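Dock chain R against chain B, hints included.
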Amino acid sequence: MRPKGGATVQHWLYASNCAVAPAWAGPTVEALVAHAALRNAECGLSGALLFTGQHFIQALEGPATALAQMRSTICDDVRHTHIMTLAEGTLPHRRFDGWALAYAGASVYLADQVRTAMADGAPALLSLLQAFARPLPGANPGCGQHRAT
Amino acid sequence: MGEINVAQRTVHIVDSDALHRRDLAQLIRQQGLDCHPFAASADLADALGYLPAGCVLLAWRTPQPPAQATPIAGEEEGPGPMVRAVLSQRPEMAVIVMAVSPTIPQVVQALRAGAVDFLEMPVQADALRPVLEHGFSILPARVAQQQRVGQATALTTQLTPREQEVLRGVVAGLTNRAIAERLRIGVRTVEMHRGNIMQKLQMDNLAALIRFAVFTGVLDQGLDAA
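Protein chains in written order, with this note's numbering: chain B, 7 to 155; chain R, -13 to 212.
Excised from the complex, chain B in its bound form:
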């Protein structure tokens, strides 16, 4: 799972607008997460996805080829529009243990925070994603966390 050379980790952080009608957003995200958890584990990608009802924010990291493939799949996905790259490049080491759904819900407060963080740039969004992706101490590691093992 872990890359052999430290310098081989590529990362991509993007934000996009949800193109799915609110009534369908719940089931759509469920399907998306179920699929992504499997796919990302298979191809060695880690990261986190956050969905506020209006925006998707996702951090992905892993081997360059796998990431490039996933990126082109994501860019072709009709379920979102206005894909905006907030950060990309090489990382010295991974920032996420596996791939996880950080949050999916309609919290008004969080949607506001995400909008502010989007204006503040990548570091603010990354710390938000990392705070959600951190495993709960003492909690069942399988709960809500889709680990790429």
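It should be emphasised that the hints constitute simulated quantities derived from the structure, not laboratory data. These numbers come from a predicted model, not from an experiment. Note that the Cβ used here is the ideal one computed from N, Cα and C, for glycine as well.
Derived coverage of chain B by chain R (criterion: at least 3 residues anywhere in the stretch with Cβ under 8 Å from a Cβ of chain R; other residues may be distant):
#1 109 to 122
#2 126 to 137
Derived coverage of chain R by chain B (criterion: at least 3 residues anywhere in the stretch with Cβ under 8 Å from a Cβ of chain B; other residues may be distant):
#3 92 to 98
#4 114 to 128
Frame of chain B, contents of chain R only:
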């Protein structure tokens, strides 16, 4: 999602700060909603059993009175335990945490503990409105889900301990023969128990039985039978 009767819209508040609690209750009543203010989580906990389903606004203030629920080992201090304490009694309530200048870890902890939203204190009317709308928009589905769980759980209590053991075995994918060996009973007896289980739970096929078992958490009660 169906319309909710405005008369049923109730907001429960827990806030140790009398002034803020009073202002908040006033804001809520101005919006035509019912409001039950409490000064301490313990008071809410005592009343939770009979309060109508609604939004629960929990003020998280430091220093905190001793937490109602023990925090998860290693979890930093935050609103998580207080949210879980309410949801363990009333899982359908739409819990909203309020805090003065909250940090991202505090917000994340509240949402991961099951809060549906967050508010910054002192709470302003224009921030409160959309958050309560959000809470009440998801409430009917949560209430319906809770009723289904309640009905299903009531059905399971009609099973004898032996029938529950057999059910766990069935859900774990064991054959009748394997269940019989584990429980040291005859295969015909297992068949009889299975028949009774289906009848008591009002199921007519195995797939429905499995869905039911997953739903009510029969699976969570340990698979010693497996």
